[in-house]
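**Q** Protein chains in written order, with this note's numbering: chain G, 1 to 332; chain L, 1 to 638.
To be clear, the hints were calculated from the coordinates, so they are not data collected in a lab. Be aware that one or more of the hints could be misleading.
Once the Cα atoms are required to be at most 25 Å apart in a straight line, the calculated SDA-like pairs of lysine to any residue come out as [unchecked claim]:
| no. | chain 1 | residue 1 | chain 2 | residue 2 |
| --- | --- | --- | --- | --- |
| 1 | L | LYS201 | L | ASP224 |
| 2 | G | LYS324 | L | LEU433 |
| 3 | L | LYS296 | L | ASN21 |
| 4 | G | LYS326 | L | GLY248 |
| 5 | L | LYS430 | G | TYR322 |
| 6 | L | LYS391 | G | ASN14 |
| 7 | L | LYS391 | G | ILE319 |
| 8 | G | LYS326 | L | GLY431 |
| 9 | G | LYS326 | L | ASP393 |
| 10 | L | LYS391 | G | TYR112 |
| 11 | G | LYS326 | L | ARG427 |
| 12 | G | LYS65 | L | SER362 |
| 13 | L | LYS391 | G | MET63 |
| 14 | G | LYS324 | L | GLY431 |
| 15 | G | LYS326 | L | ASP405 |
| 16 | L | LYS391 | G | GLY113 |
| 17 | L | LYS391 | G | SER6 |
| 18 | L | LYS196 | L | GLY248 |
| 19 | G | LYS324 | L | PRO252 |
Here are some chain L residues the structure puts well away from chain G; computed CB gaps all over 12 Å [claimed, not checked]:
| no. | residue |
| --- | --- |
| 20 | GLY23 |
| 21 | ALA142 |
| 22 | ILE579 |
Here are some chain G residues pointing at chain L (derived, C-beta under 10 Å) [to be verified]:
| no. | residue |
| --- | --- |
| 23 | SER7 |
| 24 | LEU19 |
| 25 | PHE70 |
| 26 | SER273 |
| 27 | LYS281 |
| 28 | LYS326 |
Just so you know, even glycine gets a beta-carbon here, dropped at the ideal spot from N, CA and C.
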Amino acid sequence: MMALFSSPHLHGGNHSQRLMLLVLAAAVPGLVAQIYWFGFGTLLNVIWAITLGLALEASVLLMRKRPLGFFLKDGSVIVTGLLLALALPPMAPWWLVSVATLFAVVFAKHLYGGLGNNPFNPAMAGYAICLIAFPTSMTLWTSSGEYFNLPDQWLWFWTEQGNVDAITQATPLDAMKHLQGNTIKEMLAANPTIVNYADAMFWINLAYLAGGLGLMLLKVFTWHAPVAMLSSLSIMAFLFGTGEPDLYAGPSEHLLLGATMLGAFFIITDPVSSATSRSGKLVFGVGIGVLIYIIRTWGAYPDAVAFAVLLMNLCAPLIDQYTKPKAYGQQH
Amino acid sequence: MKTLFDFPGGVHPPQHKQQSNPGKLMDLPLPQRLLIPLSQHIGAPAKPLVKVGDQVYKGQLIALATGAISANVHATSSGLVSAIASFPVAHASGLDAMCIELETDGQDTWHPDITTANPGQLDEQEIRQRVLAAGIVGMGGAGFSSAAKLATDTPIHTLLVNGVECEPYITADDTVMQIYSHEIILGTKLALGLLKQSTCKLVIEDNKPQAIAAMLQASAGHDDIEVIVIPTKYPSGGEKQLIQNVTGQQVPRGKIPANLGILCQNVATMKAIYDAVYLGQPSIERIITVTGDGVKQAGNYRLRIGTCADYVLQQCQAEQPNSQVIIGGPMMGFQLPNTHVPLIKTSNCLLVPSAKALSDASPAMACIRCGQCEIACPAQLLPQQLYWLAKSDAFDKIEQYNLMDCIECGACAYVCPSQIPLVQHYRYAKGMLRQKATEARQAELSKQRFEAREQRLLDEVTAKEERRKTRAAAAAAAQAAKQKTPAHDTAHQATLANNSATNEVSHKDLKTAAAIARTKLKKANKAYEDAKAADHEDTDKLQTMVHDLQQRSEQTAQALAEFESQVQVDPEAEKQAQITWAKANAQVRKLNKSAPDSSTPDDEKAAHKEALQVAQKNLEQAQAKLDHIKNSSKEAQS
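Just chain L, with the same shape it has in the complex (with noise of 0.2 Å):
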């Protein structure tokens, strides 16, 4: 006997498994109608293949997968296409989704492509293929593409085939491991040689005796497959829980088992793949369980995929066929919006519970504490810390109290002497959890878009006014390189005629001309290499007026300094710039006397700083133009 490491927590409901007689399976009548969801996996949903009108045959791909999670849906009948439009969905939201709806023509012709095959003629590939193809995804409820979790690039050691079922009432795997248990061993086998390196633990709840011997029956003989048996216990068949059953490992938070090198299957998927890749069948059918005290047929019920629960119902007699039916176990399964749904690849039961149950059920009363919840969490939460925390809309506090770790199996509402739907407070706090998430998502996006766009405009702003300066620059150099030449001869003869009266005038005047001659040039030269930098027509234009330019600084400059050479400098100016220095020379020597210590509090210390720069260019620009009075009187004098 294997030693189990168990999970804390759990609770033990009535199981209610023998009402629908677990092993015995039955048929329906081919439904007139099927309804055939895109989307009954994770992931995005199958783009459609058809058109309205077309005959298809069962088994023909209907719809591709358009990801690499996405799943195949196929003809689950042979028949002519009548629709192809929004349906209502077994969804809890009662949402509607897009289906391909099917005029079955009875015949239940399979597509001629369909074909067995010998798995070991196949390669790696081809059997890769045929799951793939076959549009399988986990038909435990979770709905995950089975050939994405078989393709996964991690190594694993241990491939987990759940049997567990761990819901009161429903027999499905039960049955389908009673009936088909070769199938599921070869299926393993198939999974096992994709997986390479990979053992097989086969669990199944004490509780189904039969399954037990089926299985222990079949996987005789390969030392690979491990059949384990495990005491029952809800929710033991969660895959979180069953992994910590087993191998006394817990799935890291955020992690998923494939990081602990454990994949997990359930039995029917298994079935499945044998189906796909020795049959050549796709993913069309199922084994779902009918039950309820509400239904006088109870059984386990080979469906086509698509059939719609209303038919289902009235075949097996229910007793309300069109209202308060629970789709999945009692304990995770939902209340359908409405009953004419078709029922897909993960729809494992149908529970119709009497009129008289219905109505037994008690009002919330207060939350005592009592603290039953928080035994029974088998992710070891504390369930009335989570509730008083949601009633109060605590959002922060309650991710801190690990909501997000909730599997929503509800075994705290479930022991709760309250009568509380804890399980309800709890999607509520996610629901808002994610919604503030989201919110919080586009918020900082939408400032990042805000943003982007403020500095798009502004960098619009200043290009436009840089082209703007760039145009007006030119226009006036060209303008200057017009008019500037005569007042320059003006002010080269009036420097010549050496008039002391205009003296000063003359001086700067000169200075002034030249200091625009100098900018001008910077300007167009600018302007050009811009023009050029951007491959503009008028960079000829341009490359004249610099050169033009050019000339004129020159021309000023050196008109500028002969007269600089030849008049005496103003023994008033010198004296005026003495005492501009020494004043500057003063403001730099009372900064460094006032320098700041580290007691000074930083914006001080930086205003200082700023002062003693702006104090100490003074200076040095006094004792430049000192400097240039002295040099130009003594070159005057000499």
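Pulled out of the complex, with its shape left as it was, chain G reads as follows (with noise of 0.2 Å):
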């Protein structure tokens, strides 16, 4: 294709479509790991967080006097709705799903603007508004492997009927931070369901390493944050984790539990919040990924990847301030 106006005529035809695509593809590993282990929770709050995403962002756009086609189709919306309801627990019902969507759309991205003007990531922002605002319903995790079947699933995300305690259980992350005295070998060897969890996670983990490779092989973001961040909580847990082992979870279960490699390849990599130069960008990861460590360790949540993303998009301004490149000939 040819553009006059202005110069460059040429264009290499890459789409913001395109991106957006790539990012949902490669999710889908994960999504698929995460409903073999803990059901089809997940799969229900991704359906219902794209549609009523997308109905939001209608409506928005309608309110702003957008046309509608040309920016719903952008597909920004569905990414954040597919990566909003993959941090979700499965557990999670249709109201809190509908809360976490209605402040990441309407709240965390339009009312700053729209896309490309929200300083946070909108999937975060509505995580973490539930987590503090509901924090019983968000950690609703199911047992690996144990989970109730679509009818009953369907039941329990409109009405909340069912037995759920049978199901349900603390997450590793959780139970490592609540020791009760024990050492985490211990706590371990008398939680079987705790392995297997972990197990489950694991897997979910490496799904979602796979499919960011592969994200950044297309080039669709750059190595920088997601290595500088999982170089940085490895770091710390190495750091911590050497002198205690037996109260200090090590760089593998922090690297392969929780949400830390959703995070680091389809959550820090947003790079509307992030930080914008490449070396910005291992500064931002670097950030999150202490914080991470810090949050997990010490702080009263479980897990930390949404507090995190959204404490450096705080940052990000000030990063860029320093971390601008050295234009061609200014090296001298």
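From these two lone chains plus the hints, build me the complex, please.
**A** In structure tokens form, the structure reads like this:
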């Protein structure tokens, strides 16, 4: 194609929609793994979050008097909905998903001016609001391999009816935080379900890692932020875990439990709310890794990706200020 | 294989080079009309040497360079000058410029002064003169005078001959290298001769195997010319990127390649230098690529400078000869505002996209800061930040983000997934920055002019006042000289009468008279000095006046002294003087006591200092008066 009015008249054919589609595709292995281990709740979350997200986006666009088709087809709201749904617990009821989606799309995104203008990662903002407002509902994770069948899950999703106690349990990160005088080893020996759960999380994290590496190879984002985050998290875990292995989880636990890989490759790589330059993304990633470790280990919440990301979103403009690359001819 | 240093960023657009059949050179029939712009280069336009109706011959100088980096313009065929006027030219602005229009006679007769030469028999100065006279400018697009470039004072160790041609579609340099490889080498040898201690690196992108082969063959045996093949990556042909790629150095900001001892020239320019020195032919033709899906006879054509684009398009059977044509490459070229414009020394390509390609362009979407542009930017800028800053008119900040280092290569916009016309935004911001700089400069000039005018008006008023005062003083002095003599006599007589009743009054009068006389003398003296300094005619008159006044002053002073020595000083006056002195003394002491310390604010300190000075002066005056009274009373008593 050729655009006449201003050079360059050639375009490489890359489209925002393509980037969004690639992200969606890369998240599929993780989604499948999550459904496989933790049930159909995640699937319902995804469908509901995307449907509601599109409806909310459309209504806000109407209110803002923007052309509907042009903006809806950029696909950004689908990505937001998907990532939010993947982060939410599988036993989240419809209203919880709705509140999170509403906050993500309307408040975190459109009130700031829509796509490209949001300082916070919309999915993480929606997630964090629910974690603060509805902590009990936000920690309803199923045991690995034990979950409702689809009709029961459907019923639970809309009415919250069902014997939920039989199928839910604390997450490994939560359990490691509340050792109650035991060492990690003792706690694991006493709770075989936690070990099973940790295995499930291991596979899910690997699935996200695979998808993320694919995106990196396709140059959807650069390696800087994910590598920086995973390295700093590992280094923190290594520094503290080596001294006190009984009390502090090691690098492998931190890398392969919780939302680490989802965060590293799908959340912090959101370009809009992250630092701009490549060196800025390194700082951004390191900050998130360190914050995740701190909040997981000493904070009040079992997982920390959302808060770490939001905190570093706040720092992004400052990071940008100090990580401007030297332009050609200024190295002298 | 030579080690290359690469450069950051860059993109790999589809090449489309075969479309224009590189290496095959075609001629078009001579057009009936040639339109030769006076400005085909950076620098001042050339000055016409011919007038309408003149017969000119091919290669004849028709407009003379008017500055160090201006360039001569020559008739590119024989014929009659039919107009010297403003015509639309190939410029993005669509503005007109002065051109010389030729009606060609079809004979294409060379001017008799065009003579071949053997450079071996020319000295350096003659070679330089031939290059200068030929009006050669950088044919890669820059349009900088080659003679000026080769005349650099800075020592040059490397001559980079640019045969990279990194823009897609264009194959003009490729064709020049394939067909004129020996001429390029001979031209390069001439340039090396002018630069003295220099070797040449001739750089070609690896997508031109025939050109590489031709140049390797032609340069064989020349140890000072090295052919370097670089990987295909846009914009590797940009001067700065080329230098970085081949030498690993960056041209420092605000400097030129010559500061690094490097000089860049295009391959076609080297061929033009050969033509000028060996054949004596000035820069009157060039090779241009006519290509794109919208043209049937795509290819490389040898064209006379001044051939109009619409003629070329018509000859090449372009789909849409009158609109939507890009001059230059698809990455950095611009759309011709209209096609009735001449092609000039720097025009390397006419690109005619198909109508379908044009309709495919999609509208811009929101920037998501994906950073693809940052990865593509060869100048290591942050295009996404520049875009946001340009959009919000944050011009101060955009300068800090080095907008002015942007080379407008278009790599950022090429990769942008949101199809944002980034370069357009940068051009806008650059324009605004330049405008702001111009405005600031103009404001400063206006301020200087205003201040100068105010000062001049003030000086005029002061001078006028000065003249008026001088005249008034002179007149008053003359008047006084006439009238005051009797007054003096009266006073003198009164003194002599020593009348105690009039004593006080007479003393006062005498003092006043003496003071007036002194002042007048002073003024008259000054007027005389001024007049003398200004060579005024009336100095003689003034001199007489000064002389008279001097006498008067002496007389009055004498009269006063006589009087004072005769009269007894009033004891009341002495008492008064003593009181005044005591008061002044007290004031000084008081002020000295309340002397400010370091904690006092500066303005208070200054006020105190001033008050103290005034008090001290008063004290001195009181002291002097008292002394005077005492002395005179002593004298009077004795």
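**Q** Against this structure, judge whether each hint is valid.
**A** Now for the hints, and whether the structure bears them out:
no. : hint                     : verdict
1   : LYS201(L) with ASP224(L) : holds (8 Å)
2   : LYS324(G) with LEU433(L) : holds (20 Å)
3   : LYS296(L) with ASN21(L)  : holds (12 Å)
4   : LYS326(G) with GLY248(L) : holds (16 Å)
5   : LYS430(L) with TYR322(G) : holds (24 Å)
6   : LYS391(L) with ASN14(G)  : holds (22 Å)
7   : LYS391(L) with ILE319(G) : holds (21 Å)
8   : LYS326(G) with GLY431(L) : holds (23 Å)
9   : LYS326(G) with ASP393(L) : holds (22 Å)
10  : LYS391(L) with TYR112(G) : holds (17 Å)
11  : LYS326(G) with ARG427(L) : holds (21 Å)
12  : LYS65(G) with SER362(L)  : holds (21 Å)
13  : LYS391(L) with MET63(G)  : holds (24 Å)
14  : LYS324(G) with GLY431(L) : holds (23 Å)
15  : LYS326(G) with ASP405(L) : holds (11 Å)
16  : LYS391(L) with GLY113(G) : holds (14 Å)
17  : LYS391(L) with SER6(G)   : holds (16 Å)
18  : LYS196(L) with GLY248(L) : holds (23 Å)
19  : LYS324(G) with PRO252(L) : holds (18 Å)
20  : GLY23                    : holds (24 Å)
21  : ALA142                   : holds (16 Å)
22  : ILE579                   : holds (74 Å)
23  : SER7                     : holds (5 Å)
24  : LEU19                    : holds (5 Å)
25  : PHE70                    : holds (7 Å)
26  : SER273                   : holds (9 Å)
27  : LYS281                   : holds (8 Å)
28  : LYS326                   : holds (7 Å)
Checked against the numbered hints above, the structure breaks none of them.
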